Amino acid sequence: MPILVDRVCKDFGPLRVLDDVSLTIEDATFVTILGSSGCGKSTLLNMLAGLTPPSAGRLTLDGSNVTRPGPDRVVVFQQAGLYPWLSLRDNIAFGLRMKSARSIDWARVDELIEVMGLKGFENHRTYELSGGMQQRVAIARALVMRPRVLLMDEPFGALDAQTRHTMQQFLLGLWERIRATVVFITHDIDEAILLGDRLIVMSARPGRVALERVVPLARPRHWDMTLDPEFLDLKRQAMAILAA
Amino acid sequence: MPILVDRVCKDFGPLRVLDDVSLTIEDATFVTILGSSGCGKSTLLNMLAGLTPPSAGRLTLDGSNVTRPGPDRVVVFQQAGLYPWLSLRDNIAFGLRMKSARSIDWARVDELIEVMGLKGFENHRTYELSGGMQQRVAIARALVMRPRVLLMDEPFGALDAQTRHTMQQFLLGLWERIRATVVFITHDIDEAILLGDRLIVMSARPGRVALERVVPLARPRHWDMTLDPEFLDLKRQAMAILAA
Amino acid sequence: AAKPRVVIGYENNGADPYMVTQSLGLFQKTIPANVTLKFFASGPAAMSALASNSLQFMCGLGVPPFVAGISQGLPLAIVFNQERYTTAAGIVVRPGKGIKTVADLKGRKIAIAEGSQSSFELATFLAEAGVPFGSVRQLNMSPPEMRVAWTTKSIDAAIVWDPVFDALRGLGGRVLKTDAELPPDASSYNICIADTKWVAAHPKLATDFVRALDQGVTYTKQHPKKALAIMAKAAGVTLPVAKSELAGYQIFSAKDQTTQNVLGSGSNVANSATTKTLENTAKVLLKIGRITSLPKNPAEAVEPRFAAAAQ
Amino acid sequence: MQEEIIVQENTAPADALPEAPAPALGADRPPPVAQFPLRWRHVSRFATATALCVALVLWELVSVLHIFPPVALPSPVAVWHALVLLLVQGYGGHSLLDDIWISSVRIAIGFIGAIVLGVPTGLLMARSDLIFRIIDPFLQFVRPVPPLAYIPLLVVWFGIGELPKILLILIGTVPVIIIGTISGVRGTPSLRLSVARTLGASESQIFRYVILPSALPEIFTAMRVGIGVAWTCLVAAELIAADQGLGWLVQYAGQALQVSIVIVGIIVIGVIGYAMELLIRVFERRAVPWRGHA
Amino acid sequence: MQEEIIVQENTAPADALPEAPAPALGADRPPPVAQFPLRWRHVSRFATATALCVALVLWELVSVLHIFPPVALPSPVAVWHALVLLLVQGYGGHSLLDDIWISSVRIAIGFIGAIVLGVPTGLLMARSDLIFRIIDPFLQFVRPVPPLAYIPLLVVWFGIGELPKILLILIGTVPVIIIGTISGVRGTPSLRLSVARTLGASESQIFRYVILPSALPEIFTAMRVGIGVAWTCLVAAELIAADQGLGWLVQYAGQALQVSIVIVGIIVIGVIGYAMELLIRVFERRAVPWRGHA
Ligand SMILES: Nc1ncnc2c1ncn2[C@@H]1O[C@H](COP(=O)(O)OP(=O)(O)OP(=O)(O)O)[C@@H](O)[C@H]1O
Ligand SMILES: Nc1ncnc2c1ncn2[C@@H]1O[C@H](COP(=O)(O)OP(=O)(O)OP(=O)(O)O)[C@@H](O)[C@H]1O
Ligand SMILES: [Mg+2]
Ligand SMILES: [Mg+2]
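Protein chains in written order, with this note's numbering: chain A, 1 to 244; chain B, 1001 to 1244; chain C, 2001 to 2311; chain D, 3001 to 3294; chain E, 4001 to 4294.
If we strip away everything but chain A, and leave its shape as in the complex, we get (with noise of 0.2 Å):
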């Protein structure tokens, strides 16, 4: 679903947190989003979720305001919020059954929980996971849901590369397979590259929108065009702007 985001403001009381943000993304995008630590970008996320209003501007999608959230759009928020009275399987579940009850897709929960490497956990409490393991069981709540716009919020921070890795493809596979709009906020420029068909980047507190650009990069993407030309260009304009 395309999504519309017309010169939005956000303040919390005296505080700037956003100024003026507008972009445009087609449906069955893939962006993502660069920014400074407290620049904005889980406000912006949470405003695309539906769970705050902007103080100013105009947030739409498929051409309809946002006023609340939507089974449509699926978020990975930054903190896992897991659920500790349910065991990590009905973490993941938790969607499908908020859907309908009886027809859960079992199958697809257990798959992505082998996905995620967290076979032998279903029936632990979420309270018995590491940092990482809570975090992959909030990305697969979220995946298992098959949104049509899927809004992460620096989804993969605490885990180990080898385990990102995995991570990304499966994303990119699944993503190819049910071609959502994603909105993916990571602080790795890398990732950040490598994932998006567009990268925008923000400028420090108020956010503004520093640098919109299309990754000049072909599908499927691998780990060697980190080293592409292209790549570094862009990689080096990212980070211009981030080291200002």
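Derived by calculation from the structure, the hints in this document are not laboratory data.
Every value quoted in this text rests on a predicted model; they were computed, and no experiment measured them.
Ideal Cβ positions, reconstructed from N, Cα and C, are used throughout, including at glycine.
Just to be clear, a hint being listed does not mean it is correct.
Here are some, though not all, of the chain E residues that point toward chain C, as calculated from beta-carbon distances under 7 Å [stated by the list, open to error]:
id, residue
1, P4070
2, V4088
3, G4090
4, Y4091
5, G4159
6, I4160
7, A4241
8, D4243
9, A4256
10, L4257
From the derived model, a few chain D residues whose C-beta atoms are all more than 10 Å from chain C [as the list claims (entries may be wrong)]:
id, residue
11, A3047
12, V3071
13, D3129
14, G3200
15, P3213
16, R3286
On the provided structure of chain A, position chains B, C, D and E with the ligands as indicated by the hints.
Only chains B, C, D and E with the ligands this time, still in chain A's reference frame:
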């Protein structure tokens, strides 16, 4: 202070998390630990902190058994764990206040706030901070103590590249001055090699010490060193273990 | 037709013939109805049950709550006056405090269950002795607490009824006055009352009710030993206690009811001891602010018809 | 009333969006931000007043129709007259204001005593297994025992003055505070404790600077429950040789079937109880603004 | 007893290390792990029993020395005799077991009614400002009103059967449950709500699957406070035309000055109340094992 980990095992019920881990960490060294998600890094750190007892084996600090947390060892946990009833500034000063409420060195606190890029947020509540800002508060809260042993669990995980570099530089600078023994868990291989005197790579669960190497780089370190052949060689070794 | 339902409330006044009637199941035997008995810890609690038509009869009630009820126009009447307190209630004083007469109570601490018969008794005694009602320090407490307060020397005197009256004597208290010294027209009684609307519609059952009570009195007189045992068990007290409690009552039979000293009969009802007691009680209660108006016609609240029929 | 509204607005989850569909009609750009619809706010603001009025009218109706005898349910008008009478003439020789004053003082001392005693006890019990095991059986044992039942003991030990009355209120309230405090302590996230321990906090500092604030939201809840319990103990307390106080008033008038006066007493108790509750809420709002964020 | 000890061990913070210095003497390697010192465990295990024994001995001592008149404090032996008498002969024409049974049934129905009514009401009030504003004033108003005061109203409206007794217990208990539930809902971390919303949960699903479990620890605390309140309401309830039940027993024997029997009644009430508390703790342990971890 020297740390000795002697044939330590840790079980959670039927799950063996750490298996026969032995480590000798000399005084005033900076040890970095890499390992896949869920391999038991945080568990090891918790044991060093004196928060959980090992299931078998022994941990000593300066020759005496670790049985409880002590003010000599300060921990940066994987989650920020801030106190929501305190302002940012009071969160950072928490440890100092525990030592002596009268003689809090506010200058040191404010210096850290400045370094951490948190200026202007001194009186904010913790839940009004972004994820990365919360993590920086947790780091500052530990560093302000200038402890003899510093245990850090993925402290820079939620930070963007730029902020992360600033933090790394600051941490190294501080370490040169206070010469603490540092145990630093990270997922970033470059960071692990660049910061550490010694690199430890753990195998997947059950965690064992799979690699232990002195980092063959001179100090002071800088980012150019990531292209040194010694660096790349060590990186390759570590990646090989992590990919296994 | 289904049997009518009759609900009878009662209070625990220690050993008296009512206990016999209840324990021997005489209500059930005598009244051709489904009889249920309900215990009430206090008179006022029973009054609200009466007001809501949950009860047809209430036994063992003191006069003040009844007066409070009729002064508010509740359709209630006394159908049976069970007994008059004689030596089962009165004023006990602590020896060595120099309290020789009622007049000596001035400025002393006397325990009293406010709003009970005692307020009325005390007012009567004080008026006799010419002492102003307000000049005695009245401490409001329930009888069981009086016994405790007595042992801790928190009070100089108590105006109370059995079993505490007896207990305080046992603890060394001296009797200053007993209720026997009250004139019959200003005495303390335990009475049985009825819902007048209901009894007007079921005069036969009301007569049976009185008959059952009277059977208890008769049994007590004929088999005093057995009766005492029954009372002791029902009241949950020992035999000697029951004996002394019973001895403190002047018991009235159905025959006694129609005499001038009890309910009276015909046009004399208005001058009977019971009616006079109602009037006197009402006056005192009005004076101390417990009721806001006098009952319009106290004689209407005294109904000896069923007692007469039951003789 | 105003106060209460403010409290409400502040305790609602901060990030809630309006439930009602946002009015997004005239769409020239950039549009005014879709805000909370005002209609509902208004209804909500007057809901309390409306509910009270409806209740009053219903009451009047029921009493006018004589569904229940006036002895059981006097009309609002009769109650109003009784109130005026109590204020002007007083009852039992003193004014209603005296009753209010003396009862409020008893409640206040008993309740504050319960907090001063209960919070530290609860903290200790939650932290020390030994202390828990020693105190818990007595606490749990005393809890269900009706206050009426231990009045004699209080009288023996503490006479018939103010002390036993206040103690009775205290005994009735303190278990509520203790249980709430224990529960709050047990709910403290273990990470918070670990952080403090590793920062060198002593056990007593952890108590004061971590556990107490963490338990505070539940302690406040316990206080709000406790203030209600304290008031319900008042009648029992004022059975102990009292001749003043709201509990005494209700009791004394009840025995004389003066239902209008009883209802005045109930209303006064209710109103003061409500006021104390609102006061605690104000404190709560100041003391634990982070509720629901941690 | 055994049950209680288990409960304790499970509710202690999981990651606590022993406070006492670890005995690290004989240091051949690898050494036995420094574990929780066993000494303290033992003391702790018998602490409850010891405390009870000490209390009993003190009681016997005080009564033997005649510090207080037996009127106020009969000796344990006298109470024991009264208990035996009650069990063998009964009192007022029926056995103690009957009293226990009937009171327990009343409490159980009133208490379960309070939960069934209070939890949903609390959830609704916490989520809807409008409902909060309508119900809250009445709730806060009813809360401080002593049960003794509204007995007449209950009798007038519901007669003198079982209904008013159960209702009185319910009215006394339900505010405790409601306040606890509201407090639990308000304490729900907002992230949990956001997650559920964005996963497409409807408001009612959020209620059932997120808010209710989040509030559960506090609801359990409220239940534990509530069960005590329910018992203290029992005596008041059994003033309403009862002729059986533990409340009635205490009351009736009190009027007959049989203090030993009153104390037996108090002890039985205390023991049953304690048993119910332990039962709720078992449920709590099963239902909210994540307490302190979230
Ligand atoms: N309290 C617990 N109960 C049961 N299992 C636990 C508990 N704590 C940790 N574990 C298990 O121990 C293993 C190691 O956890 P740990 O947190 O040490 O991993 P980690 O190396 O820090 O991983 P990450 O990089 O994801 O943080 C995990 O499999 C986890 O499920
Ligand atoms: N509820 C709030 N009240 C006040 N200020 C807030 C609130 N939420 C966020 N902020 C402020 O808004 C700014 C942006 O926060 P946001 O979480 O969007 O940052 P971010 O870009 O996601 O950073 P990070 O990479 O560290 O997660 C921060 O300065 C933060 O302090
Ligand atoms: Mg963020
Ligand atoms: Mg970890």
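Hint check results:
Violation of the interface hint for P4070(E) is found here, the shortest Cβ-Cβ separation to chain C being roughly 9 Å, above the 7 Å cut-off. A distance limit of 7 Å between C-beta atoms decides the matter here; for V4088(E) the minimum to chain C is near 14 Å, and the interface restraint is violated. Among the interface hints, the one on G4090(E) is violated; its C-beta lies about 10 Å from the nearest C-beta in chain C, farther than the 7 Å criterion. Because the closest C-beta pair between Y4091(E) and chain C is about 6 Å apart, less than 7 Å, the hint holds.
Using the Cβ-Cβ criterion of 7 Å, the hint placing G4159(E) at the interface with chain C is satisfied: the shortest such distance is roughly 5 Å. Given hint, I4160(E) at the interface with chain C, holds; its Cβ is 5 Å from that chain's nearest Cβ, closer than 7 Å. Taken as an interface hint, A4241(E) checks out: its beta carbon lies about 4 Å from the nearest beta carbon of chain C, inside 7 Å. For D4243(E), the suggested interface contact is upheld, since its CB lies about 4 Å from the closest CB of chain C, less than 7 Å.
The interface hint given for A4256(E) is met, as the beta carbon of that residue sits about 5 Å from the closest beta carbon of chain C, less than 7 Å. For L4257(E), the interface hint holds, since its Cβ comes within 7 Å of a Cβ in chain C; the closest pair sits about 5 Å apart. The Cβ of A3047(D) sits about 33 Å from the closest Cβ of chain C, beyond the 10 Å cut-off, so the non-interface label holds. Under the 10 Å C-beta cut-off, the non-interface status given to V3071(D) relative to chain C is violated; the minimum distance is some 4 Å.
At roughly 38 Å from the closest C-beta of chain C, the C-beta of D3129(D) stays outside 10 Å, upholding its exclusion from the interface. Listed as outside the interface, G3200(D) is consistent with that label: its C-beta sits roughly 54 Å from the nearest C-beta of chain C, beyond the 10 Å cut-off. Annotated as non-interface, P3213(D) keeps its C-beta farther than 10 Å from every C-beta of chain C; the closest such distance is 44 Å. Every CB of chain C is more than 10 Å from the CB of R3286(D) (nearest about 41 Å), matching its label as outside the interface.
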